[in-house]
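Student: From first to last, the protein sequence lines stand for chains W and C. The opening residue of the first sequence carries number 1383 in the working numbering; numbering runs sequentially from there. The opening residue of the second sequence carries number 19 in the working numbering; numbering runs sequentially from there.
Bear in mind the hints are in silico, worked out from the structure with no lab data behind them. Just so you know, not all the hints are guaranteed correct.
[As the list claims (entries may be wrong)] Label pairs and their calculated CB-CB ranges:
| no. | chain 1 | residue 1 | chain 2 | residue 2 | range |
| --- | --- | --- | --- | --- | --- |
| 1 | W | 1700 | C | 38 | 56 to 64 Å |
| 2 | W | 1611 | C | 262 | 45 to 53 Å |
| 3 | C | 262 | W | 1559 | 51 to 59 Å |
| 4 | W | 1596 | C | 266 | 36 to 44 Å |
| 5 | C | 244 | W | 1599 | 36 to 44 Å |
| 6 | C | 32 | W | 1693 | 47 to 55 Å |
| 7 | W | 1599 | C | 103 | 22 to 30 Å |
Being a predicted model, the structure only gives us computed values, none of them experimental. For each residue, glycine too, the CB sits at the ideal point set by N, CA and C.
Read off the chains here:
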Amino acid sequence: MGDRRLMKGNEALAEAAVRAGCRFFAGYPITPQNEIPEYMSRRLPEVGGTFVQAESEVAAINMLYGASGAGARVMTSSSSPGISLMQEGISYLAAAELPAVIVNMARGGPGLGGIQAAQGDYFQATKGGGHGDYHLIVLLPASIQEMVDLTRLAFELADRYRNPVMLLADAVLGQAMEPVSFVDEPVTEKPFRPWATTGWKGDRPRNVINSLYLEPEELEKLNLRLQKKYAEISAREKRWETVNLDDADVALVAYGTAARICRSAMEKGRAAGLKMGLIRPITGWPFPEQPFEKALALGIKKFLVVEMNYGQMVEDVRLVISGRGQVAFYGRAGGMMPTPAAIVEEVRKLLGRVND
Amino acid sequence: MRTVFAKPRTLTDAHTHYCPGCTHGIIHRLVAEVIEELGVQERTVGVASVGCSVLSHRYFNLDMQEAAHGRAPAVATGIKRVLPDRVVFTYQGDGDLASIGTAEIVHAAARGENITVIFVNNGTYGMTGGQMAPTTLVGQVATTTPGGRKTGRDGYPIRVCEMLATLDGTAYTARVTVTDPAAVAKARRAIKKAFQIQLVGKGFSLVEVLSTCPVNWGMTPLEALRWLKENMISYYPLGEFKGGGEVPA
Ligand SMILES: Cc1ncc(C[n+]2csc(CCOP(=O)(O)OP(=O)(O)O)c2C)c(N)n1
Ligand code: SF4
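If we strip away everything but chain W, and leave its shape as in the complex, we get:
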């Protein structure tokens, strides 16, 4: 555990990326994630990597496309409005099957919005955002340590599946400070990328990174290959955490910062005799149905989804529950946070124990 230190979320994430072998970063400033490019601009040259401050998010994501295609481990970071601008490039990355890590330190929207934490980008992250049938793998950290661990995982998944991976965090996780430790084992050598465009010596098939298929049969083939990959990711990569489900009458469902608030709410509620549990998806896509099946099997019939938006992940929960339980929703947005007291109040309503 030699390497335990107190770090700001954004910087911890950046350090984790460098240790995961990230050697190319391009980005454009936007609050509340500026510490990431700032850190990368100092740190990457120390390990022989490259930092580029792009002229826009549009350029940044396309620089990633080029660098990833040339064989490097690549990352960019931004916050909500900037991520919107990257959607064109994200669709191209997914189509060309290029590994890349994209960090969204989300803030309140829509539009220019504000700079406080929010979760209004869940739809955009998990349901697409760019054009066409594609999926990002979406990781949902709830602490700075987890952000560090999931950053490492993000690079591994991106490489394994040749797919862009999004770390969807928020302003709270980016700006807070917590003690973190890094995995000490050295990062494995950059994996050999036989498909990378590095110059053609005639010793392998010519490499072309492309997403244009003018013949419908060919384009359908690409789509079918992608769908097969997505099915494999769905089968293998769902992640979640459950807390206190065994004796619960109601399960809170939340991710990221909202899940942390739910933990406090759960403690408060339990102290007042309300049997509350928590289901916390760690992958937004693929969305884990297992913890919900478990909750239903345990006899839990009531679910309260808590989000820092006005109802996005709740749609995924309703789909999984499919009428087999009651799914209620509570959310605040625009940078306003649900409070533990308000969540407990919602639970009381759901359990019909308002006057307890």
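Keeping the supplied structure of chain W fixed, place chain C with the ligands upon it in accordance with the hints.
Tutor: This is chain C with the ligands only, laid out in the frame that chain W set:
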């Protein structure tokens, strides 16, 4: 028998889809010849853009990446920064480079990105059917300028070489054409120089090639060449705008 004329190794055997009489084909060949002559095929990575040349990744016998519309200079930046000892070029049309991709081209030049850009200016959006491009001449008819381009409504054409020449990061810009054999020879020299400038690490180089689009101009190939000479060159003068003289060592 001695072979005096052959297809460069740096072109594939694929048949191109360009319309008869379109000068895209000549420009491809010049780029391919220069890459072969410089002996850098094995370390060249090309970036195809969106427009009629969208399939150029099928024609250049090189490792290639296909970029989104206008983003080729950003994609090339990513490649070059990761592989600084490789030769990286983009091949872009005027809609691609001077409209949707203006930010990317200006900033690649401003950064002095050590890449070479082949910029094919045919004054129109060929692939999408002849709409106005940023380079469409005043008075020129396009499908979206039915009465001819009018400055009050449509603004003025952009002179890319001159504009980029003002940037400190730009090492070389030249405008050429391929309307006759002498012009082709000049174009070849400019393209070679642009690549040589990259090879010696001097920074951003761009060659603009005035090109025809007989199909969308509604002309025969010969009429199109004549129209180009008579109308385009007066607005888009040929020559070197920055980095003239010998290739710096
Ligand atoms: C984002 C986006 N917008 C629009 C298009 C449609 N589009 C394809 S080619 C093209 C114009 C290309 O014109 P130019 O760059 O001048 O090349 P040319 O076809 O004349 O060679 C456009 C607008 C696209 N593919 N992507
Ligand atoms: S549409 Fe115009 S630019 Fe495109 S291939 Fe045909 S002639 Fe050439």
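Student: Taking 47 to 55 Å as the hint, is the beta-carbon distance of residue 32/C and residue 1693/W inside that range?
Tutor: 52 Å, holds
Student: CB of residue 262/C to CB of residue 1559/W, is that within 51 to 59 Å?
Tutor: Distance hint for residue 262/C, residue 1559/W holds at roughly 56 Å.
Student: Do the beta carbons of residue 1596/W and residue 266/C sit within 36 to 44 Å of each other?
Tutor: 42 Å, holds
Student: 22 to 30 Å was suggested as the range; check whether the CB atoms of residue 1599/W and residue 103/C agree with it.
Tutor: The hint (22 to 30 Å, Cβ to Cβ) is violated, given that residue 1599/W and residue 103/C are roughly 39 Å apart.
Student: If I claimed the Cβ atoms of residue 1700/W and residue 38/C lie 56 to 64 Å apart, would that claim hold in this structure?
Tutor: Check passed, 59 Å falls within 56 to 64 Å.
Student: Are residue 1611/W and residue 262/C spaced within 45 to 53 Å by their CB atoms?
Tutor: 52 Å, holds
Student: Regarding residue 244/C and residue 1599/W, is the given constraint of 36 to 44 Å on their beta-carbon distance met?
Tutor: At roughly 42 Å between Cβ atoms, residue 1599/W and residue 244/C fall inside 36 to 44 Å, so the hint holds.
Of the numbered hints listed earlier, the single one contradicted by the structure is hint 7.
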